[in-house]
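Engineer: Under numbering that gives the first Met the number 0, the letters of the sequence shown match residues 0 to 727, in that order.
These aren't lab readings, by the way, just hints derived from the structure by calculation. Mixed in with the good hints there might be a few duds.
As the list claims (entries may be wrong) - Okay, derived cross-link-like pairs now, PhoX-like style, lysine-lysine, Cα gap no bigger than 20 Å in a straight line:
#1 Lys-568 - Lys-440
#2 Lys-191 - Lys-440
#3 Lys-273 - Lys-283
#4 Lys-283 - Lys-272
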Amino acid sequence: MQTVILILVEVLIVIGLSRLVGLGFRRIKQPLVIGEIVAGIMLGPSLLGWLAPEQAAALFPATAIPFLNVLSQLGLIFFMFLIGLELDPKYLKGQMEVAVLTSHVSILVPFSMGTLLALLLYPLVSNTSVSFTAFALFLGAAMSITAFPVLARIITENNLQGTRLGTLALTCAAVDDVTAWCVLAVAITVAKTNTMSGALPTIFSALLYIAFMVTVGRWFLQRVATYHERTRHFNQFAIAMIYGGVIISALITETIGVHLIFGAFLMGAVMPKKPEVVRELAQKTEDFVLTVLLPIFFAFSGLRTQIGLLNRPILWILCAAVVAVAISGKYIGTYVAARVGGIEKREASALGWLMNTRGLTELIVLNIGLELKVISPLLFTMLVIMALVTTFMTSPLLEWIYPKKLIKLNDMDRELEEETNLEPDISYRILVPIANPSTQKGLMQLAIAIAGSRLQPAIVHPLSLIELEENYAFSSTPAEADRLIQERRSRMSELIQSLEPPQTRQMVRPIIRTTKNVARETDQIAVLEQANLIVMGWHRPAFSTNRLGGRVGEILSTGRVDVAVFIDKGRERLETLLVPYSANIHDELGLEIALRLLVNSEQRHLTILRVASGDQTHSELDYEYKTMMEQLPSALRERTNLKIIETAEPIQAVVEASATVDLTIAGTSSAWGIQRQTLGRYTDEIAIQCHSSLLITRRCSQVTSHLASILSATNADINKDESGVGVS
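Model the full structure from these sequences, guided by the hints.
Structural biologist: Structure, rendered in structure tokens:
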């Protein structure tokens with residue numbers, strides 16, 4: 000019982016630390032797997048064993064390691080099943096000639112360089128019980144591997160799945176994955192027999208089993224998929240059969256003499272790739288495997304990683320050589336082959352960095368090598384460092400060589416972009432983040448009303464971001480992300496078709512993306528699209544009562560364009576407007592939006608509310624108001640009214656005045672208790688108590704006000720209208 004308690008405590012610590020460190024790495028735009036691998040290393044002799052050796056020995060005694068090994072192997076079996084399950088043959092259909100050339104050269108070059116490096120490393124970090132052939136094969140395989148799961152998710156997170164670069168990278172990685180696993184299988188059989196000739200029977204048996212699974216196994220699994228089509232789900236008996244098949248397949252390849260992970264991978268690879276079947280199996284399998292069993296594998300690997308073994312400068316030089324050979328071999332091989340295949344320089348370079356991603360797949364290879372004693376603990380540590388470095392560098396290098404502004408979106412987005420390019424005179428753009436298309440029609444109607452078409456040509460971009468929660472979640476795969484995007488696009492289309500009047504729909508250009516961080520992506524897209532204004536709905540965070548907290552508060556506080564937050568009280572009309580005005584840049588943005596609404600409809604009326612404090616006189620307020628009103632054309636002055644109130648409670652004055660209007664527009668100023676720095680209880684107070692719908696505005700620039708330009712444009716528009724020119 001004591002052993003059971005100890006193992007449970009270890010598992011609890013592993014899960015907690017993996018989540019914590021993984022989330023930390025996600026904050027710095029790194030794959031979750033990097034943080035989980037680092038968490039595993041932290042629990043081993045490299046950190047915990049170094050800082051507190053007695054506590055480390057008590058927490059992870061030698062007697063507990065075999066139990067962790069069993070759990071980690073179980074996790075590997077089902078993770079490899081997931082990899083095979085998600086390896087869709089459609090990835091092998093795009094740009095096949097270039098992909099085959101690029102993928103094989105990207106394996107051949109690092110494999111050859113790894114074999115040459117083996118000549119140097121073999122006498123230094125290996126022993127005579129291992130043949131040079133087995134050592135060189137393993138080192139070459141470790142150098143040439145690409146982690147298809149991590150690469151696929153990086154492509155999805157950067158919205159590259161519909162581009163030529165993304166399609167080519169996925170195809171290359173898929174071919175690379177299959178080829179690399181075959182090379183690894185040969186390396187394992189050679190390592191077990193110590194001769195190439197002795198490995199031939201094992202290789203022949205493996206080929207026979209592959210042929211059996213591709214024919215008989217696939218035929219049987221096709222019947223399982225047909226059953227799913229009829230019932231629309233897998234019951235527990237069907238799941239038990241499939242999982243039993245995974246384990247049996249793993250046992251067969253282990254018995255043949257390859258490794259149990261190949262059987263699990265093969266079972267997933269031959270599974271019919273019907274989307275509903277793959278989705279249900281992945282969703283039923285991944286949660287427990289990825290949150291419990293895989294972190295145990297990382298911890299088990301971390302316990303075997305001993306950075307302290309690199310205790311001499313020459314060893315660190317050898318480690319640097321390993322990393323350099325791995326990076327240069329993969330990059331040079333990919334880049335040269337891609338250029339020969341007709342890929343332009345920037346895309347070829349980006350492809351080279353993408354193919355350098357090694358991640359968890361590399362760790363699986365290294366653990367097999369260490370288990371077979373082909374590589375020593377010292378070389379294992381060097382190669383773990385190489386896996387971390389090559390995976391860590393992929394995202395920043397991809398962003399550097401292929402920034403977001405150069406990313407071409409999927410075909411439908413390109414069509415929308417081309418349509419937009421046909422309208423070069425667009426001078427006003429509004430970005431509208433849409434979390435749920437079926438509930439945010441009011442937000443879109445407001446954005447269209449603000450944009451209008453009377454002042455200048457305008458576009459409204461409803462932005463729908465699909466957040467990818469985990470790096471290894473099935474929803475993060477390119478195929479599933481495409482399905483989610485198409486599903487969201489359909490819902491967005493329904494929203495657009497419901498907008499009134501119908502002629503306003505032509506100014507709507509939806510943008511749909513996948514992302515890891517909604518707030519950051521919204522800000523980046525606003526800058527890239529040169530949006531003038533972000534209009535978004537309010538949102539109550541899960542662990543807060545503040546309606547302007549969470550993502551909305553983040554965008555409101557840090558956005559690099561003007562922002563307005565709409566709190567919809569269900570008022571469908573926008574005929575009467577109220578702007579509390581205290582002569583600061585945020586209130587001026589509110590006034591600018593109100594004037595746009597006023598110009599775009601002759602039925603609207605505006606009330607400007609000035610609350611007098613003790614240090615402002617009535618005459619001063621009159622002078623400021625008169626100066627502003629003199630710039631308005633008479634047609635707008637007739638629909639604009641100034642209301643001055645002297646009170647010590649400005650928030651209550653706004654609340655009372657809001658009872659007679661459809662929309663209140665308030666800037667994030669201290670006068671109204673909604674400063675962008677605090678976003679605290681006063682913000683929530685006015686949001687709760689305001690009788691009308693509320694629009695809270697925040698100007699990005701602390702210096703420039705656009706009120707003068709809007710007034711100038713208003714005058715020009717009215718003059719055209721009066722002369723009968725330019726306005727329909």
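Engineer: Does Lys-283 pair with Lys-272 here, judged by a C-alpha cut-off of 20 Å?
Structural biologist: holds (16 Å)
Engineer: For Lys-568 and Lys-440, compute the direct alpha-carbon distance and say whether it is at most 20 Å.
Structural biologist: Within the cut-off at roughly 13 Å; holds.
Engineer: Holds or violated: are the alpha carbons of Lys-273 and Lys-283 at most 20 Å from each other?
Structural biologist: holds (16 Å)
Engineer: Measure nothing beyond the straight line between the CA atoms of Lys-191 and Lys-440; if it is 20 Å or shorter, mark the hint as holding.
Structural biologist: violated (65 Å)
Of the numbered hints given earlier, the model fails hint 2 alone.
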